[in-house]
Each structure stands twice: as structure tokens, then as C-alpha cells.
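Chemist: Chains as they are written, first to last, in our numbering: chain A, 1 to 238; chain B, 1 to 196.
Take these hints with a grain of salt, some might be off.
Said to hold, decoys possible - Some but not every residue of chain A turned toward chain B, in silico, with C-beta under 8 Å:
(1) PRO64
(2) ARG68
(3) GLY69
(4) THR70
(5) ILE74
(6) LEU76
(7) VAL87
(8) MET105
(9) ASN108
(10) ARG109
(11) ALA110
(12) LEU111
It should be emphasised that the hints constitute simulated quantities derived from the structure, not laboratory data. We treat Cβ as the ideally placed atom computed from N, Cα and C, and that holds for glycine.
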Amino acid sequence: MKAFVVPGRWVIIVTMMALIISCARLPVIEPVGLAAMPDTRERCHRPFLDSSYRFIHAIEVSFPGGRRGTVMGITLVDPSDKTVHSVIMTIEGFVLFDARYEKEMRVNRALPPFDAEQFAGYMMDDVRLMFLAPEGKLADAGVLADGSTACRYHGNKGTTVDVVVHKDDSWNIETYSNSNELLRKIRAVEVRNGIPNMVELHGFGFREYTLRLKLISAEAVSPRVNQAPPGDIPEDEE
Amino acid sequence: MGILCYCIFLLGWANTWEDIRRESKKIHSVSAQFSQKKHVQILTRPLVSKGFFYFQAPDSVRWEYTSPIKSVLITHKGNIKRYTQGEKGLVEDAGGPLEAMQIVLQEIGRWTRGEFTENEHFSATLKGGKAPSIILTPKEKGMAAMISRVVITLSPDRQGVIKTVKIFENEGNHTLFEFTDVQINGKISETLFREM
């Protein structure tokens, strides 16, 4: 009898949790009139690149419990074909991670702890989320209660991406699971000429982490022309 | 890995390993400015970092970056601390990288004593002449996967002074360290090795 009661309680608890999770709600986006829709969509697109850029960031990585460290990140993003090339290195210049995504992932170098399974994929997902417009279908566009412009995209895996552009041109990007559980939250501030000086990304769920990207440089580029060929070393430094 | 290079200051200009060991014993302190030029395929121009380097025998080091990211690595009396620019200014790092740095510093200790030929991780080749240099090549596959070689160029006219250190990684990436305003055996305040 006792053995029967305990599982019964678990069923109730699990059911309650499922109900609570399923009741999690996304922020309410108030629709705007048709006349305002083009402007709303344009504003929602502001966080994302229209042309190729190369960024250099100081990246402060922190985890729950106080573990933290700082690395340098170089990111080359081409929105035309959604290509992303990412390099992470120590402040002393030692490359820890080098990967390029162009239709498929190619990892050139991955040293611990950046060699963990699926790290490259998750990292590229974060980079794309920061710089490239969502690929999902635009489901809602309008304003939030505080007057910020907001657009909601539904991905093909049941995920939702909210893009919120505030009145001061700073923005948030948030992704949710199919049960509306918050997965990622990006906050970009100190925006100048469309480029944020600071981007903060929080990862939630199984492994929580925070990335703070402080901009060192941003440069419009033509990546296929500007990349140095492999092994190219200036002779004057040999 | 640039930290690996600080020991080079302890080397004297020489044509033989015995010369290097002899000159290394004469150096008690080093201070210098450095520039670090990082060449990566993803960049068309090198990423330049700058800072200051301090060494006090037997094993105290302050490796300080002033740009583009402020960072200070201090080793003193066996303790290692690293501070990097965070949201609230310079904050002490906590985590794995310091453990890795401990291993690196053990390597540096060997180099500091001029023990290149007895090194378990690198094979060393000395090239004398007007522009003396040392070439270090990894012995182990694990190290070779990270570093293909290290080239150290000694100053031709100042014993114990390093001109450049160049670390070659795979995939065509490399880092060039250039040292300027090098002061040998000057007085360095101990607080530099104790305080941020």
C-alpha cells in the first residue's frame, strides 16, 4: 500500500510541475496597426547584421559558484550565407578554439575546456543568435507594455525567439523552449552606429553560464577577400 | 603562452649552452615593456596587445597587459594570481586556467635556470652568431598539437636581453613578442609582486 502511495504523490508533483511549466507565459506583445508594421519590423531587424563584420571582444565567462575567466574572441560573421567563423584565445594570444560554420561545422582547433562534446555547436548557436536575424517565422510584431518594439519568431523545433528593441536602441533577444522555458537571454547596450559596446548573454537550463562581451573593435569586411591564406607568415617576422 | 617567454630575459647572449647557463646566474631582475602581435588567419592585421613585464629572482613575475584588455598575472613565493578586467574592474580569476598556468610556470623555471637541453617537453637548438637564437621544438605529441615551435631571438649587443620571442601554433597562427626598454638588475619594488 505504502509503495503505491509514494508513486501517487510523485505523479501529483510531476503533474503540478508540468502544469506550472505549461502555464509559463511569454511576454505579451500588443499588436500595432498595419501602418506601423513596416517600421516595427525594421526596428526589430536593427540588432542583426546586413553585411559581413569582424568583431574582436574581451569575453568574461562566468559560471554559478564563482568560476570566472576572461578570453578574447574574434568573430567573423557573413549574413549573406550565414557563415560564422569564431576564434577564442587567451589574453596571451594562445588559440583555444577555432571553428567555422558554413552549412556544416568545421572545428580547426579545440583545446580543453573548449573540446567538450557539442560545445562548438552550442557556441555557434549563441553567435548566430547575437548577430543573425532569426530563421523562424515571424509570429507577432508590436510593442511591449513599456513601449519597446518586439517581434516574436517561431522556429521549426518549437522554440521561440523574442527580439525586443528598446527606446534607447539597446536590445534584448530571448529564446524559449516549446514549453516557454527561458533558454537564452541576450542584452545589448551602449549601442553606437548599430554596434553594441557591451553584450551580455545568459544561458539557462542544464548548464548555466554568463558571457559578457566587451567590444574591442568592429570592422566591416569582405571575408572571402580578406582572409589570409593558411600558413601565411610575414617574412619580416621570421 | 606568452608568459612562457619571460624566462628568456634571464638568458645571456651566447654561443654555447654553457654560456647561457653562466649568464643566467648573473641576472637578478628584469623589467621591460612588451608588445604582442597575434597573427590569426581570421585577421588581416595582427591583434596588438601591450604591457609590462617584471621579474625578480628567484621566481617572482608580474606580467601585466595594459591594452586592449587590462590583465595582471602575478607569481610570488609559489602563489599564482591572475586578475582580469571584469564588470567591476580588475577581478581575480577563479578556475582552471590558473592550474594550467602552474604547469607553464614550472616550465619557465627550467628555462630560467638555463636548462634547455634537459627539458622533457622541448628539444632545443642554439644558433649563435651575430643574431643568436634558440629554437624549441616539442618532443611530445600533446605539446606539438598546440605549439609547433618557439623561436627566441637574443639581443646581439646586450647580454641577457631578449629581442623577440615567436610562438608558432598550428594552422598558420603565431604570436610575436617584442621587448623594449629592457632594464637588467634594476631595483623592483616587491609590492609589484604582491599587489594588483
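Chemist: If a hint holds in the structure, say so; if it doesn't, say that too.
Modeler: Right, here's what the structure says about each hint:
Interface hint status for PRO64/A: violated, as the beta-carbon distance to the closest one in chain B is roughly 12 Å, over 8 Å. Given hint, ARG68/A at the interface with chain B, holds; its Cβ is 6 Å from that chain's nearest Cβ, closer than 8 Å. Checking GLY69/A against chain B by beta carbon gives a least distance of about 5 Å; that is within 8 Å, so the hint holds. The interface hint given for THR70/A holds, since its Cβ lies 4 Å from the closest Cβ of chain B, which is under the 8 Å cut-off.
At a threshold of 8 Å, the smallest CB-CB gap from ILE74/A to chain B is about 5 Å, leaving the interface hint in force. Hint status for LEU76/A: holds, given a least beta-carbon distance of 6 Å to chain B, under 8 Å. With a least beta-carbon distance of about 5 Å to chain B, the hint placing VAL87/A at the interface is held under the 8 Å criterion. Contact between MET105/A and chain B, as hinted, is not supported at the beta carbon level, the nearest pair being about 16 Å apart and thus beyond 8 Å.
Interface hint status for ASN108/A: upheld, as the beta-carbon distance to the closest one in chain B is roughly 5 Å, under 8 Å. Nearest Cβ of chain B to the Cβ of ARG109/A: about 6 Å, under the 8 Å cut. The hint holds. A hinted interface residue such as ALA110/A counts as satisfied when its beta carbon comes closer than 8 Å to some beta carbon of chain B; here the least separation is about 11 Å, so the hint is violated. For LEU111/A, the interface hint holds, the least distance from its beta-carbon to any beta-carbon of chain B being 7 Å, beneath 8 Å.
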